[in-house]
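Chemist: Assemble chain B onto chain A, guided by the hints.
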Amino acid sequence: MKLLLVEDNERVARFVRKGLTEAGHTVDHADNGRDGMYHAVSEPYDAIVMDRMLPGGIDGLGIVEALRQQGNRVPILILSALDGVDDRIRGLRAGGDDYLTKPFAFGELLARLDALLRRSQSQAVETVMTLGDLSVDMLSHRVTRAGKPVALQPREFKLLTYLLRHANQVVTRTMLLESVWDYHFDPQTNVIDVHISKLRQKIDAGFATPLLRTVRNAGYMLTDQP
Amino acid sequence: MNLRLPGFSARTIAIGYAVVSLLVLAMFAGPLWFAWHKNIGEVRTQLLKSDARHLSNLFERQGPPALAAAIDSQVHGVNDGVRKIMLLVAPDGAKLAGNLPEWPEGVPERDGLCQVTIRVDDKPRNVELVRVTLEDGYMLLVASNLDRFQQLERLFAYGLLGCALAVLVGAALGGVLIRRALLGRVQRISQTTASIIEGKLSHRLVEPCDGDELQQLTRTVNRMLDQIEHLVTGVQDVSNAIAHDLRTPLSELRARLEELSVARPAGEETFAEIDAAIDDVDRVMGIFNALLRLAEIDSGSRRGGFVEVDLAALGAEVTEFYGPVAELKDIDLGFDAPEDLRVVGDPVLLAQALGNMADNALKFAPVRGTIAITARRLDADTVAVVVADNGPGIPEHERTRVIERFYRVDASRGTPGVGLGLSVVSAVARLHGGALTLEDNHPGLRATLRLQANPAAQAR
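Chains as they are written, first to last, in our numbering: chain A, 1 to 226; chain B, 227 to 686.
Don't read these hints as lab results, they were simulated from the structure.
Any given hint might turn out to be false.
Reference listing, derived: stretches of chain A covered by chain B, where coverage requires no fewer than 3 residues with Cβ under 8 Å from a Cβ of chain B [what the hints assert, rightly or not]:
1) 77 to 86
2) 184 to 196
Quick list of in silico lysine-lysine cross-link-like pairs, BS3-like style, CA-CA up to 25 Å [unchecked claim]:
3) B:K321 - B:K264
4) B:K275 - B:K264
5) B:K589 - B:K555
6) A:K198 - B:K555
7) A:K18 - A:K148
8) A:K102 - A:K158
9) A:K198 - A:K148
10) A:K202 - B:K555
11) B:K264 - A:K198
For each residue, glycine too, the CB sits at the ideal point set by N, CA and C.
Isolated chain A (complex conformation) (with noise of 0.2 Å):
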């Protein structure tokens, strides 16, 4: 896929670049507000991380209000060290598709960047979802491995469909709350760990493949490849 990454800090530049280049992406870097206007109107990219305070005249949300104006849907996300939730609710109403806070873990935003990227791709509403042997089936509810009949809880439930909707991407704690929940704090006992094991037990117990992996340092992921 190709990027543009926006930011002016030199280290967190280098540092986000790498890692998105190791992940296979293919990176363009402006380092001010000018720049990455320029880059962002001139030729076409698959995903924009934005810095939100930027040198050169023009801040990240002048830009992505910008390009938002002009008709440009390309994914957005918006990387600040402005947490305030009113502040991510500017950020998201200037037309971010997501918003990350710094400091932050790489795994993070590569999870949310993926996650973005797979939705600009596949906006077709599917009825029913499969991985491997794992099928779903959203209209009924009905959840199945190999065949057998799955019981979910309806938060279970949710939480499934977001990981598979997710699949063969990481997705962190943080995007889990957000998203199943819509909790936007940090629970300080290891909900989400517990939550997960429990749709383990449900999904994966007795059966030779585990879909449902955890990544370490970062979340987790639901695949089929080994």
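Modeler: Relative to chain A, chain B alone:
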């Protein structure tokens, strides 16, 4: 157009009072003066004219002697010429009757009404006079002394002036009194404020008990001072706490990295150390995030995001969220609420507050323990969520302190968390016009989160 009112001060009040009083006085005296003047003057003139007419008729009917007798009877015993002045003279100018010794000088030659000055009893007097030339050259003079009325008018004017003076004195005196009363109170306020500026943040204004505007102002200022004190002590607590709680993971991190750089262990070990270092950093970040969250909640700016929230649904959701954790510890986690419990608030923060309370209870409840979460409407404006566990509880003297930032009961230093959970709950409660209280659950802790159902209406 912008109407600017003069500043509220004792002098302005006094001057205003005087001006208004004088205006009222003038409004009262002016018409009175006009009516009196006009009425008296007209009546006087008519009386003079009718007198003259009567006397003329008498002369015509009965001749000079009868008229002379009538005049003499009317002006009999006249003193000082202040009452009626009459005179009848013969054609040759000799006096026949009246209270003037002779035909006075200055009387016009023609008949009719006029105002002149003549000598009466050797004093010049301003009179209104009717001169009538009768048949055969007899001349009649009827006059009325004007000085008498002028005296009265002067008296009226003096009275008015005295009144105005009294008003002015009253205004000055009132101004001084108001100034003294008001200044005394304002001065007390400014003295207290000055001592607060000097750093005695616990000082409060003395509330006057007469329920006037000043009391309301005092109350508002005191509420503001409460908030300021809370914020300032909060900042101090945070500084102290940062010194302790934030420094610990940071120094651990530093030690770890230093050891790594000196010892340069084998690859596998290095990666383990790096992972541990990342955990340290995450811990520091967690503390920072919680602190920023607290600051954000405390600043009150989140009130803009208030919407209607069903607390019962929120509580059920949080209970469900923590359900698996309770199951793991074999804790009986129950939630109970009436159908509908609507409050106006911030759903994100309320969820966090309930979450923190549940989190806290789960941390301290024993294996196979009980946690009961209940939400109830206490009265028309107050809604409470109670989280009761049967853990070790918190000793009474520690209960207010655990709400403070970073404070942790010594026994809980080993448990995960940064010691900000209940501070956040308390801040959320404050934002919603309520409070967090901790009580003994015999055994265990009973945390009650009280919320104003409609904090915006309460604040007004």
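Chemist: Return the numbers of the hints above that this structure violates; sort them in rising order.
Modeler: 3, 7, 8 and 11
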